[in-house]
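Take the sequence shown: its letters are residues -25 to -1, 1 to 599, numbered as in mature numbering (1 follows the signal peptide of the UniProt record, and there is no 0).
Be aware that one or more of the hints could be misleading.
[Unchecked claim] Have a look at the derived ranges for each label pair, beta carbon to beta carbon: (1) 296 / 62: 27 to 33 Å; (2) 408 / 366: 26 to 32 Å; (3) 387 / 561: 19 to 25 Å; (4) 188 / 582: 51 to 57 Å; (5) 470 / 584: 31 to 37 Å.
[As the list claims (entries may be wrong)] Under the rule of at most 30 Å between Cα atoms (straight-line distance), these lysine-lysine pairs were calculated in the DSSO-like manner: (6) 392 / 482; (7) 94 / 107; (8) 498 / 380; (9) 39 / 107; (10) 372 / 324; (11) 542 / 376; (12) 599 / 403; (13) 403 / 360; (14) 289 / 403; (15) 61 / 39; (16) 321 / 376; (17) 380 / 392; (18) 575 / 599; (19) 403 / 498; (20) 43 / 81.
Read the hints as simulated data drawn from the structure, not as lab findings. Where is the CB? At the ideal position from N, CA and C, for every residue including glycine.
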Amino acid sequence: MKAIKLNIKMLSYLAAFLMAFAFVACDDDDKIGSYETVSLEALISEAENLIATSEEGTSPGDFKPGSKAELEEVLTWVDWQIANAKSQEEISNAVLRLQKYIDVFKTNTVSLAIPIFNKTNGSYIKISENIKPLLADNFTIEIESYFTGSEWIETMFSAGEGDNGSQFGFNLRIFGDRLDLVIGNGGWNESYYEGGQGVKIGEWVHYAVTKSGSVWKVYMNGVEVISEANFPTETLFNSDAPFTLGETSWWGNRPWNGMLRDFRVWSEVRTADQLIANRDEQLEGTEAGLEVYFPLDADLGTNFSDNTGNYTAKFVGNGVSWAPDGIPPVIELVYTSIDAAIEDVKALKAEVVEGENDGDYPVGTIVYLQSMIDDANVIRTDAEKQDELDAVVESIKDQLKLVKKYLVAKTDGISVKAESDIYGFSIKPIKGYSVAPTGDYTIEFNSKVNSLSNGTAIFYFGYTYGIWATGYSDFTEENVLKSGKVWNFTDAGSGWQGPDSDVQAIKSGDWQHIAVVHNESEKTTTLYIDGVVAGVDDNIGVPNAAGENEIRLLGNTWGNVMDGAIKDFRMWDVARDAADLDGSIDGTETGLKIYFPLDKVAGVKFSDVTGNFTGEMRDVSWNK
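Sequences and hints are given; from them, build the entire structure.
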């Protein structure tokens, strides 16, 4: 009996213990289920509300595409964590993580930004390959550009191959001071909008290219500036050449310098009125005929889709990025150096005393120095880039050295070495005159070629007329024997033509007189060397009008520069008799148009004897 009572008592204690344990366990479960989940449930509700009420998009202020999906993934993880939590710490971690992603979501909005290109080779925006079929038919391409200055060629958009034999595709670019449309269909076709009007620095400009069959047009701010009626009817693309914004993919050395935005491609030819009406409108991407639409006004990362959802873009290279807030780069110019250079010119001008005796500053030096000041001030006012100002500073330094160097002294003409960057002695007319020959004319001069071993020697070049002597670069007996042939080349409407001499007509190291005499009524041009007829063209007219009203002596022409000297340069408006060539003159003779004796140092820029033309020493020297 005693044993039985003891066992009953022990069982009572055991039952009480188990009940107490059960109560404690139930109390812990309620803490986890109520306290921790209350705060977590509140965050879950907030996250679900954000997902339900927020809109994703690509415009500034929208939530970035993919933001909702990212927050939904975190919610899925939170649900799993609640169901599988083994401690308060795990629930607390879920609270912290969800709060973090809610905060990230709220700030993950699209910010105003525009692609900026810092002129880095190999950097561009690559458009997906499926854009190319759109360009096989009629189309319109629109883009807005902000240009910060050109050093050579800057590409807005491009697709195609380069000079590897195929030359397929097209591009729109800035080439120096002109707008340039290039079309390739087995060979390049180019059309320009020149005169600097197609290039605007420091402002947004809307450009559009339309293709309707063989008719290609380019619009600038809705105004037609280029029109070609017989360009290729199809644009062909190499499969390896992508469509790019801001650079050509095949050359890789024509990068854009500035910003690009609002890129659109239409499967129709838009009119000028349509371009003007819609160029500032924010499109939806669903408009009829609109195939590709990249507003490029919001930071979407380096890989993103257009507003139609059918095309993608990718940043390539480290020279393209998003400019925060779409603020264009500020072009700040520093004028300290150019102001100091101008003061240096003024100081020298105040010291100069002109004269005609050896050692004097040549007559005209003061006028030349004043022209340097005037030209520098014009550029100082109009410059849009720092390198324009810096170039003037360097030019002034070089010019001042020459002014101080070229004092009055006897000289044996002007001379040049065979270097690639020689501009030459530039002859230009004073207002009201023209350099170009018309009707009968005679051009004569004395020259000395030091050597023909540097290639073809250029005596003078007037853009549609000139004279050279053939040279050689490889020293062989055959090349030497073939050199020294003089040709008066003239573009008179039938391609390059004109009289030429036999080989070996030029004798290196000797002064020789060369003359070209044209008789317009007989349509003949005769080449004389030392008074003897060296060649005749009996079916030739006067040179065609040239775009430049200038003639250059000893300058680089088509990659050729002379090693030698020239003096006593004359141009006449009459066909001179052979007996009168190289005669003594005083500058008052009838028919004499241009006369530079070049027998006395006259400074850097000076007038000829007639007073109607000026000559400027540019990369050439007085032959003292």
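Right, here's what the structure says about each hint:
Take residue 296 and residue 62: their Cβ atoms lie about 46 Å apart, and the range 27 to 33 Å is violated. At roughly 29 Å, the beta-carbon separation of residue 408 and residue 366 lies within the given 26 to 32 Å, and the hint holds. About 20 Å separates the C-beta atoms of residue 387 and residue 561, a value consistent with the hinted range of 19 to 25 Å. Against the hinted window of 51 to 57 Å, the Cβ-Cβ separation of residue 188 and residue 582 comes to about 55 Å, which satisfies the hint.
Between residue 470 and residue 584 the C-beta distance comes to about 35 Å, which sits within the given range of 31 to 37 Å. Our distance criterion of 30 Å between C-alpha atoms is met by residue 392 and residue 482, whose separation comes to about 17 Å. For the suggested pair residue 94 and residue 107, the alpha carbons sit about 25 Å apart, so the restraint of at most 30 Å is met. The straight-line distance between the Cα atoms of residue 498 and residue 380 is roughly 46 Å, outside the 30 Å bound, and the hint therefore fails.
For the hint pairing residue 39 with residue 107, the CA-to-CA distance comes to about 28 Å; that is within 30 Å, so the pair holds. For the given pair, residue 372 sits about 14 Å from residue 324 by alpha-carbon distance, which is consistent with the 30 Å threshold. Distance restraint check for residue 542 and residue 376: the Cα-Cα separation of roughly 23 Å lies within the 30 Å cut-off, and the hinted pair is therefore satisfied. The straight-line distance between the Cα atoms of residue 599 and residue 403 is roughly 24 Å, inside the 30 Å bound, and the hint therefore holds.
A threshold of 30 Å between alpha carbons decides the hint, and for residue 403 with residue 360 the separation of about 28 Å falls inside it, so the pair holds. Only pairs whose Cα atoms come within 30 Å are accepted, and residue 289 paired with residue 403 is rejected, the gap being roughly 51 Å. Simply put, residue 61 and residue 39 have alpha-carbon atoms about 36 Å apart, too far for the 30 Å limit, and the pair is violated. Between residue 321 and residue 376 the CA atoms are separated by roughly 14 Å; this keeps the pair inside 30 Å, and the hint holds.
Restraint check for residue 380 and residue 392: satisfied, since their Cα atoms lie roughly 18 Å apart, inside the 30 Å limit. Distance check on the hinted pair: residue 575 and residue 599 sit about 9 Å apart at the alpha-carbon level, within 30 Å; holds. A C-alpha spacing of about 27 Å is found between residue 403 and residue 498, which places the hinted pair at or below 30 Å, so the restraint holds. The straight-line distance between the Cα atoms of residue 43 and residue 81 is roughly 11 Å, inside the 30 Å bound, and the hint therefore holds.
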